Amino acid sequence: MNDPMESAEFSRDPYPLLAALRARGPVQRVRTGKGRTTWVVTGWAEARAALADRRLSKDTARYFANRPSGRDLAPAVSQSMLATDPPDHGRLRKLAMAAFTPAAVGRLEPRIREIAEGLAAELGRSAGAAGGPVDLVEGFAVPLPIAVICELLAVPEADRAAVRRWSDDLFAAADPGTADRASHALAGYVAELIAARRAAPGDDVLSGLIAARDAGDRLSERELVSLAVLLVVAGHETTTHLIGNGTLALLRDDALHARLRDDPGLLPAAVEEFLRYEAPVTLATFRYATEAFDLGGVRIGAGDVVLVSPGGANRDPARFDEPDAVRLARSGAGGHLSFGHGPHHCLGAPLARAEARIAFEVLLARFPGLRLAAGGGQGAGGSDGPDGVTWRRTRLMRGPAQLPVLLGPLREAPEGRG
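Offset between the sequence shown (1-based) and the numbering used here: plus 16.
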């Protein structure tokens with residue numbers, strides 16, 4: 017069938033199309049807008065198996081070496097963990113993972129909360145006495161994770177707007193030329209940042225990676241640039257969408273909103289359910305088969321491209337009861353695939369979870385009357401939706417580009433915050 021994922025409807029609400037694909041079978045062949053044939057995996061069991069199957073390679077340089085038709089991955093991250101297989105993948109991952117362990121993230125939590133409280137205070141000032149409307153994406157969901165990852169990587173505050181713009185263009189540019197220019201600009205910027213930190217190292221993650229690079233042959237200079245670019249981009253995109261998606265889900269459900277506001281202890285479970293219900297990544301970056309094998313009752317040919325859909329898998333009724341509803345009770349054993357599975361499981365998952373939990377804690381405590389500015393309802397939204405939400409126009413990522421809200425009566429931050 018023709019690619020259904022190029023439409024504006026898919027950006028606004030991908031789930032009917034993903035469900036239609038799944039109804040035909042958990043693994044379906046689709047012709048993309050680029051004229052290629054791709055397998056799309058929407059069944060949970062099949063997606064989980066594919067994510068861990070080493071016969072599906074992520075080595076994009078190898079795949080496109082003899083294919084002049086183009087490539088799907090920006091050159092800035094072409095030698096990062098995102099685009100390598102073992103043993104290189106494990107080597108790169110090991111160098112970066114110390115900064116993202118649960119213990120390391122725990123030490124960051126006071127600073128994450130400080131940033132979140134400051135942003136919430138600024139939202140309140142922007143809203144004024146009337147309490148809104150303000151854009152929660154622009155004022156909170158974007159700057160919180162950008163500030164955190166940029167501090168970890170020693171990106172100066174004055175440069176963060178440019179970093180965000182390049183990152184947006186990498187994922188959402190309508191033409192490959194814009195994405196390529198953003199990729200080269202971001203890689204060039206990171207190379208300059210590396211040179212500056214090499215001359216004046218600090219205790220940040222980037223300085224640690226530079227030290228590992230300069231201490232031996234474990235990391236080439238190009239790998240260092242690609243890895244740093246990946247950390248900058250992946251370090252905020254997923255969390256931005258998690259915060260936006262989760263806020264929208266709770267504001268569309270008054271009972272859920274009240275439960276989470278009154279019992280913040282439920283927020284870790286809520287974060288997991290928000291990840292399942294609205295996967296920040298609709299389609300994972302592609303893999304290709306290094307040999308022929310069977311998956312979900314179909315034969316994948318050697319060289320075939322496979323796209324795993326966490327968004328589709330997370331709503332597979334064969335795995336989840338009432339998959340199109342938010343149910344906190346199932347979160348502990350839900351098994352969502354929003355952070356992947358297998359060797360490429362998201363390195364930054366502990367950080368994203370902590371940022372999202374703290375974000376919701378701060379928002380619900382500071383703005384107990386938070387509500388959508390244009391009503392609510394259960395619709396998918398979109399630029400012409402009933403709740404005024406505008407969705408990002410990209411088939412890879414899932415999240416609101418704008419989320420207009422009314423803050424309601426403000427509650428003062430705890431002493432010493434905001």
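Hints in this document: simulated from the structure, not taken from any laboratory.
Some hints here could point you the wrong way.
Said to hold, decoys possible - Estimated spans, in silico, between C-beta atoms of each pair:
1) A68 with A334: 17 to 23 Å
2) G41 with P425: 26 to 32 Å
3) A35 with T117: 33 to 39 Å
4) K110 with R214: 39 to 45 Å
5) A35 with P149: 30 to 36 Å
6) P284 with D104: 30 to 36 Å
7) K110 with D310: 29 to 35 Å
The model shown is predicted, which means the values in this text are computed figures rather than measured ones.
In this text, a Cβ means the ideal position worked out from N, Cα and C, and glycines have one as well.
Structure-based check of all given hints:
no., hint, verdict
1, A68 with A334: 17 to 23 Å, "holds, 18 Å"
2, G41 with P425: 26 to 32 Å, "violated, 51 Å"
3, A35 with T117: 33 to 39 Å, "holds, 37 Å"
4, K110 with R214: 39 to 45 Å, "violated, 21 Å"
5, A35 with P149: 30 to 36 Å, "holds, 33 Å"
6, P284 with D104: 30 to 36 Å, "holds, 34 Å"
7, K110 with D310: 29 to 35 Å, "holds, 33 Å"
Comparing the model with each numbered hint stated earlier shows that hints 2 and 4 do not hold.
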